[in-house]
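Undergrad: Taken in order, these protein sequences are the chains called W and F. Residue numbering for the first sequence follows the working numbering, beginning at 1 and increasing consecutively. Residue numbering for the second sequence follows the working numbering, beginning at 516 and increasing consecutively.
Derived from the structure by calculation, the hints contain no laboratory data. Please note that the accuracy of each hint is not assured.
Unchecked claim - What the simulated footprint calls covered on chain F by chain W, stretch by stretch (three residues with Cβ under 8 Å from a Cβ of chain W suffice, anywhere in the stretch; the number is not a length): (1) 555-565; (2) 578-587; (3) 813-819.
Said to hold, decoys possible - Which chain W residues stay away from chain F? Per the calculated CB distances, all over 10 Å, these: (4) L284; (5) D405; (6) E444; (7) G498.
We put the beta carbon where it would ideally sit given N, CA and C, even for glycine.
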Amino acid sequence: MSPVQRVLVIGELGRQYAMAHRQDAPLLAIPLQADDGGGQRAVEFLRPADTAAVEVLALPTLTRIASGLAQTWAGTAMAAALRALLPGGDTARLGPLMLLRLHDGGQRDGGQRDGGQRDGVQRDGGQRLVELMMCSRLRAAGALFTRAARFTADPSASLDVLMGQAWRLAKSLQDNILSENEVCTHFESGTEIETKIALGGDTSPWSLATLLSEAVGGAELPGLIPDVGNEMQRWQTRQHSYEVLAPAAEAGYVAFIASAAGRYSFKQKRFATEGLRRPESFRLDLPIDEGHFDRYLEKEFPHLETRRLPSHTRAKFDVNVESAGTGHFFGIEIDEVTVVGSGEVMRQVEIEYHRSWIHDGLSPDTIEPELERITGLILAFLHRRGVAAQRTYYSKLSFLRDTLDPPSATGRIAIMDVDPTTAAAARGLDRPLVYVIMPGTPLEHLSARHTNIYSVDFTSPGFPGFVDRVLRPLAPQAIVAGSIRSARAAALASAQLGLRPPDTATMAIVNGAAS
Amino acid sequence: MLILNQMPFRWMYHEDRCLLPIDRVDPVLITRFHNVGEHDPSLFQHTMVCDFADEAQVLAVARWAIETHGIRRIIGLEERVVLTAAALRTEYGLPGLGHAEALVFRDKVAMKRAVAAAGVRVPAYVAVDSIEDLRRVDWSRGRAVVKGRFGAGSEDVFFVDSLAAAEVIWRQRRPGPGEYEVEEFIDGTMYHCDAVLDGGQVLFAQVCEYLLRPGDFAPGATGGSLTIHSGPVRTAILALNELVLRTLGMQSGATHLEVFHNTAGELVFCEVACRPGGAGLDRIYECGFGVNTLAAALHLESGQGYRVPHCADDPTRPVVGIVAFFPDPAAGPAGIAPERFAELGIVEHKSNKWAGVVDGNPRHGGDYRDRYIVVAESDAAYRERFARIEKEYWR
Numbered sequence: 001m002s003p004v005q006r007v008l009v010i011g012e013l014g015r016q017y018a019m020a021h022r023q024d025a026p027l028l029a030i031p032l033q034a035d036d037g038g039g040q041r042a043v044e045f046l047r048p049a050d051t052a053a054v055e056v057l058a059l060p061t062l063t064r065i066a067s068g069l070a071q072t073w074a075g076t077a078m079a080a081a082l083r084a085l086l087p088g089g090d091t092a093r094l095g096p097l098m099l100l101r102l103h104d105g106g107q108r109d110g111g112q113r114d115g116g117q118r119d120g121v122q123r124d125g126g127q128r129l130v131e132l133m134m135c136s137r138l139r140a141a142g143a144l145f146t147r148a149a150r151f152t153a154d155p156s157a158s159l160d161v162l163m164g165q166a167w168r169l170a171k172s173l174q175d176n177i178l179s180e181n182e183v184c185t186h187f188e189s190g191t192e193i194e195t196k197i198a199l200g201g202d203t204s205p206w207s208l209a210t211l212l213s214e215a216v217g218g219a220e221l222p223g224l225i226p227d228v229g230n231e232m233q234r235w236q237t238r239q240h241s242y243e244v245l246a247p248a249a250e251a252g253y254v255a256f257i258a259s260a261a262g263r264y265s266f267k268q269k270r271f272a273t274e275g276l277r278r279p280e281s282f283r284l285d286l287p288i289d290e291g292h293f294d295r296y297l298e299k300e301f302p303h304l305e306t307r308r309l310p311s312h313t314r315a316k317f318d319v320n321v322e323s324a325g326t327g328h329f330f331g332i333e334i335d336e337v338t339v340v341g342s343g344e345v346m347r348q349v350e351i352e353y354h355r356s357w358i359h360d361g362l363s364p365d366t367i368e369p370e371l372e373r374i375t376g377l378i379l380a381f382l383h384r385r386g387v388a389a390q391r392t393y394y395s396k397l398s399f400l401r402d403t404l405d406p407p408s409a410t411g412r413i414a415i416m417d418v419d420p421t422t423a424a425a426a427r428g429l430d431r432p433l434v435y436v437i438m439p440g441t442p443l444e445h446l447s448a449r450h451t452n453i454y455s456v457d458f459t460s461p462g463f464p465g466f467v468d469r470v471l472r473p474l475a476p477q478a479i480v481a482g483s484i485r486s487a488r489a490a491a492l493a494s495a496q497l498g499l500r501p502p503d504t505a506t507m508a509i510v511n512g513a514a515s
Numbered sequence: 516m517l518i519l520n521q522m523p524f525r526w527m528y529h530e531d532r533c534l535l536p537i538d539r540v541d542p543v544l545i546t547r548f549h550n551v552g553e554h555d556p557s558l559f560q561h562t563m564v565c566d567f568a569d570e571a572q573v574l575a576v577a578r579w580a581i582e583t584h585g586i587r588r589i590i591g592l593e594e595r596v597v598l599t600a601a602a603l604r605t606e607y608g609l610p611g612l613g614h615a616e617a618l619v620f621r622d623k624v625a626m627k628r629a630v631a632a633a634g635v636r637v638p639a640y641v642a643v644d645s646i647e648d649l650r651r652v653d654w655s656r657g658r659a660v661v662k663g664r665f666g667a668g669s670e671d672v673f674f675v676d677s678l679a680a681a682e683v684i685w686r687q688r689r690p691g692p693g694e695y696e697v698e699e700f701i702d703g704t705m706y707h708c709d710a711v712l713d714g715g716q717v718l719f720a721q722v723c724e725y726l727l728r729p730g731d732f733a734p735g736a737t738g739g740s741l742t743i744h745s746g747p748v749r750t751a752i753l754a755l756n757e758l759v760l761r762t763l764g765m766q767s768g769a770t771h772l773e774v775f776h777n778t779a780g781e782l783v784f785c786e787v788a789c790r791p792g793g794a795g796l797d798r799i800y801e802c803g804f805g806v807n808t809l810a811a812a813l814h815l816e817s818g819q820g821y822r823v824p825h826c827a828d829d830p831t832r833p834v835v836g837i838v839a840f841f842p843d844p845a846a847g848p849a850g851i852a853p854e855r856f857a858e859l860g861i862v863e864h865k866s867n868k869w870a871g872v873v874d875g876n877p878r879h880g881g882d883y884r885d886r887y888i889v890v891a892e893s894d895a896a897y898r899e900r901f902a903r904i905e906k907e908y909w910r
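Using the sequences and the hints, build the whole thing.
TA: Spelled out as structure tokens, the structure:
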């Protein structure tokens, strides 16, 4: 993939916002270091260091003003080095307006590795794709740009000519880009869309949160940028839950979440089986006395048949990220749930879709693939650090329910996409095993007495049928992914059979061998 | 195509040649835990390894495979999976032997009842469902055979001379109702007749004489058989074979029939299987007649047809047979040096490292340590070679 040339444009804010401006104010084109990752971007984030200038050109003459500046824009103000080069009164009127991303050739695969979208532009005829990114957020940490439009241009066209095309499209999506409260939308409102990773052992959620936060946008979490100004959030809640047993259409749970003012938020989540999407609704700021939850339910929800579950606390640390390629916003939420009284603990990572930047090319179709990509990255991140982790859809409802029914330590374990190393390690579990492998996988080093092996494409739509008809009668206690590529299928199969995540020892053995 | 297999994975191969019409079928293989080490994932991409002792498990995965992979044919050639395969064919309306037809090839009581009804002499027999039934058998007629109705490979066959001996067997085995029979012991020579049929027509049939009756396998014994190319016994056995197969409704596939030629000169039916003869018999016919009965069965049950060479019926062809040695835990090293093969007429040798795997003793009538395919110009020459090979093997 060819590097993407980037040009930052700084000029008077009146060119972007509806306010008076001077026609003779400086307009600067600043070629930046090329984006070696290539691919298209829904949003792009420039930290101060990212605004280092190869050169600074004055438009429209393209006269070089300077070259080799370490910074040109420093968060919320112009960098001192650039300011020193400009006539005194002009600099305060200027701000980052746009960023042009220029794609030349070799773009056929369109940045799929880091969540970028395919551009679909044929450049065999020599056309150049230009992404017009308009500045949509400024924070001390840096400047965010949202793609307002894309156009093609002759690769020999000068920067001045490109700017002419860019200005004609610069007003695209301006109602969304110019106001902070309009920049995002939320698809599938009222439905939680999230994946989960169960954590084994005594993994510290805070430790993981800080490690993940540092890794955002790096080699291990490519294609992500921090939620500028809100990179990390910390939460603690106390929740009193009831399982909804009937009617079937409302199966799931209801919960009362305490707030600092002594009032409660009421949450209802409906799901008969665990999965990626679960409808949820809230009532906020309810004046309920602790101990009167039953009365509230009887009055407000007389049709629900419920049973009380143990109360719990939840400490949660969110690493908030934006997907540069798709413009969707996700929370990487690491939490520790502790049952009040028994002290039983569940730790997990949830990756939840929250909202999307309104931009040229916005599509809800990319939410799920990007969520899957990020989940895979985080799973690999955890495995590399030796954290016992398994992808699941295992809910807090199931956890609370299961605290009333402790697991057996001798049940059958199904391992997906097992390889000889993992198989050898798994024999140490001293439990009956089932292996699910992709068709064509050699059996030579997998076969063992009393170990069932099934060749089945676990990525196919027919896999749930296999789970129901072949795995279910074997009554596995847990289904474990032996690889990143099988993690989703293992999680779905576990949810389908209503299984809890594997115990820490199993996770550690399988993860350790697989990674 | 679905293959139910309880044999070692390589049973579908001769050396490196897969006997299935693998270029024309997309197999789903359900096999047992053991001996999948030589599994070829490029030819058998969809392979399920499971516990055949748990029939519900096998059926669950088979039904899933049939419905998911659009299975049109089911192969179940090993004796213990014949009925399972047949039941699935019936359930899904697939071609081949259905459950009712297969049952008469598996249940030795139902088999003899049907064959006797066609006028064929069978040993006197009685189903025994309890020790009381066993006591009601007329033990005054001398030696008898206590036999599992669904046994295979002479694994579940016991020769007894008295009720007391039969009761010992009964108490050891503790069979349930429907599992055992007692039949008349037939003295004399045993023959087998192996055939290939398509559309109810016998394409190939050949008669062989057993040099050791299958039930007589023992540590250190020598087994084997040889082709019989002429004579009234051969002619009568071929006719009996056709009658039995027609009576039992066999349409396509390979069969293996066993028959006694008793001391009174009568043919007495023993049993028949709706699968090719095992323990290397397919090699006799391939070496002698260019017909591989196992390949024929695999092709026919796959729905791909099978072409028998024109020369298969040529009576002037050399006599071919098998000389096979059962393991003996008390014996020292044994074998025939390869440089002796040509002089002894040995054209193939196969050793079986799993023979006598439990305690050194043979477990069934095909549990050979070494087997040799031998050719000779005549019946007499073959028997002479048999004796020389036997002598040299143990030397």
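Undergrad: Now look at each hint and say whether the structure bears it out.
TA: Here's how the hints hold up against the structure:
Remark: the region 555-565 of chain F is confirmed as covered by chain W, as 8 of its residues place a Cβ nearer than 8 Å to a Cβ of that chain, reaching the required three. Check on the region 578-587 of chain F: 4 of its residues sit with their Cβ under 8 Å from a Cβ of chain W, so the three-residue criterion for coverage holds. Counting residues of the region 813-819 of chain F whose CB lies closer than 8 Å to any CB of chain W gives 0, so the stated coverage by that chain is violated, three being the minimum. Against the 10 Å criterion, L284/W stays outside the reach of chain F, whose nearest CB is about 48 Å from its own CB.
Every CB of chain F lies more than 10 Å from the CB of D405/W, the least distance being 26 Å, so the non-interface label holds. With a cut of 10 Å on Cβ distances, E444/W falls inside the contact zone with chain F, its closest approach being about 5 Å. No beta-carbon of chain F comes within 10 Å of the beta-carbon of G498/W; the shortest separation is about 19 Å.
Hint check: violations occur at hints 3 and 6; the rest are consistent with the structure.
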